[in-house]
Amino acid sequence: MEINVSENIGEKFLQGLEGVLRLIDRINQSEDKEDILIFQNNIFVTPLFILPLLVYVSGSQKKIRYQFTNSYLDTIQFGSGGIKPEELDFPTLHHSLNKYSAKTYIPIIDFPTDQKHTRERNEILLAVENLLSTQIRLQPNITAGLKYLIEESVDNIIEHSDSKRGYVFGQSYPSKKYMDICIADNGITLLGSYRKMEENKITDHLSAMKAANLSVSTKNLPGAENRGYGIRTSRKMLVKGLSGNYVMLSGNVLYLKSKKIEQFMVLPDIATWQGTIVAMRIPYVNASFSYIDFVE
Amino acid sequence: MKDKVIDITAYIGRDLKSRIAVREFRDKISNEQRTTVKIDFGNVSFASRSFMDEFYNIFIANADMNVELINLSAEIEVMLDAVKSTQHRSPKIANKLSSNDYDIKFSSISEANKYLEALPFS
Chain A
1 MEINVSENIG EKFLQGLEGV LRLIDRINQS EDKEDILIFQ NNIFVTPLFI LPLLVYVSGS
61 QKKIRYQFTN SYLDTIQFGS GGIKPEELDF PTLHHSLNKY SAKTYIPIID FPTDQKHTRE
121 RNEILLAVEN LLSTQIRLQP NITAGLKYLI EESVDNIIEH SDSKRGYVFG QSYPSKKYMD
181 ICIADNGITL LGSYRKMEEN KITDHLSAMK AANLSVSTKN LPGAENRGYG IRTSRKMLVK
241 GLSGNYVMLS GNVLYLKSKK IEQFMVLPDI ATWQGTIVAM RIPYVNASFS YIDFVE
Chain B
297 MKDKVIDITA YIGRDLKSRI AVREFRDKIS NEQRTTVKID FGNVSFASRS FMDEFYNIFI
357 ANADMNVELI NLSAEIEVML DAVKSTQHRS PKIANKLSSN DYDIKFSSIS EANKYLEALP
417 FS
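In the order they appear, the protein sequences are chains A and B.
Note that our numbering has the first sequence beginning at 1, numbered continuously upward.
Note that our numbering has the second sequence beginning at 297, numbered continuously upward.
It cannot be assumed that every hint is accurate.
[To be verified] Here are the computed distance ranges between Cβ atoms for each label pair:
hint, chain 1, residue 1, chain 2, residue 2, range
1, B, ASP377, A, GLU86, 28 to 38 angstroms
2, B, SER404, A, ASN4, 14 to 24 angstroms
3, B, ASP360, A, GLU262, 35 to 45 angstroms
4, A, GLU87, B, VAL374, 32 to 42 angstroms
Just so you know, these hints were derived from the structure itself, not from any lab.
Since the structure is predicted, the reported quantities are computational estimates derived from the model, not experimental observations.
We treat Cβ as the ideally placed atom computed from N, Cα and C, and that holds for glycine.
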């Protein structure tokens, strides 16, 4: 079935996710073996649309193709699935990213998670952090917080997801003074991580989401800490420290946290992601913020 | 056998930010046959919690390692204290994991979207 993707995604943080959910609904209404998502020209999409869509499509039982002539989607490397750092030498990688220095977004980054490519992964993440920082002239205190938020999410992918690839995509909104960052994997989900623990008692996506956000480690090593405190610190830093918004999606469970809202939601089974997605809306003007104040 | 100061940034860079980086660092300096290691953090600009947690477990809590850390910034000290203090803390949260009345379960995507659209979350 051909499915037109024509709606512009506005700046409301969850609007991108709502758009993906509508697409999932239509994909599931189709009885065809293959569906084609046809993006209209001039469509604007956000990180919380793009990465949940990529992860959903990569885990779908159906064959789903994209069709577009949209220059924005081209520029963010949507068609290729993102910039893969191990396929470029470092000067070419930096040259590729420098092209975005005057933009308000970064391209999709598709990084390897294995130890063999640690150097390439570190290089591109550092370049992305520098690029985001330069694009909107971040103050050093915010850059340090941004690094913390990105690195903790990426490290969780490397250590726990069993995913071969991780994804980062970001968009800034200079007039609103915030940026949206999405970090995703197509791994075994939070539930899959807990199921690998000895004596695990977590058996559903909702419990896994609660465990991850309420500090239960997936590490099974005596004395070793944990995914839990990293997530908790990130969320506290973002929500309390920067008045931002935090979204986590894994399996069919959605978790939202802001200063006013904390909500766990179970989506219908058709909206099940084979992976974990973290999205953050990060206000970036705050002179008194210090990331270290939120480490616990 | 030598006792020498190692500038950690010469091995990892000024940003210390993944568990893998700690393990690679351990492998590199283990090959250098030192019994006592002084690790210099003076040039570090950033350390993530994950890095410091792995570092704590591999270098500080490990009886086979004899390390001394020097030139720690106030921020690194705070991070190290935080990971030390949570090594054996086991949050009693089992009763919070199960489903409760505050969780929302949607039977359809349109129902989920209707809820999300109305949520003041931006």
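Quick rundown of the hints versus the structure:
Hint check: ASP377 (chain B) to GLU86 (chain A), Cβ distance near 37 angstroms, so the stated range 28 to 38 angstroms holds. With their beta carbons about 21 angstroms apart, SER404 (chain B) and ASN4 (chain A) fall inside the hinted range of 14 to 24 angstroms. The hint said 35 to 45 angstroms for the Cβ distance between ASP360 (chain B) and GLU262 (chain A), and at roughly 43 angstroms that hint holds. Distance hint check for GLU87 (chain A) and VAL374 (chain B): the Cβ-Cβ separation is about 39 angstroms, which falls inside the suggested range of 32 to 42 angstroms.
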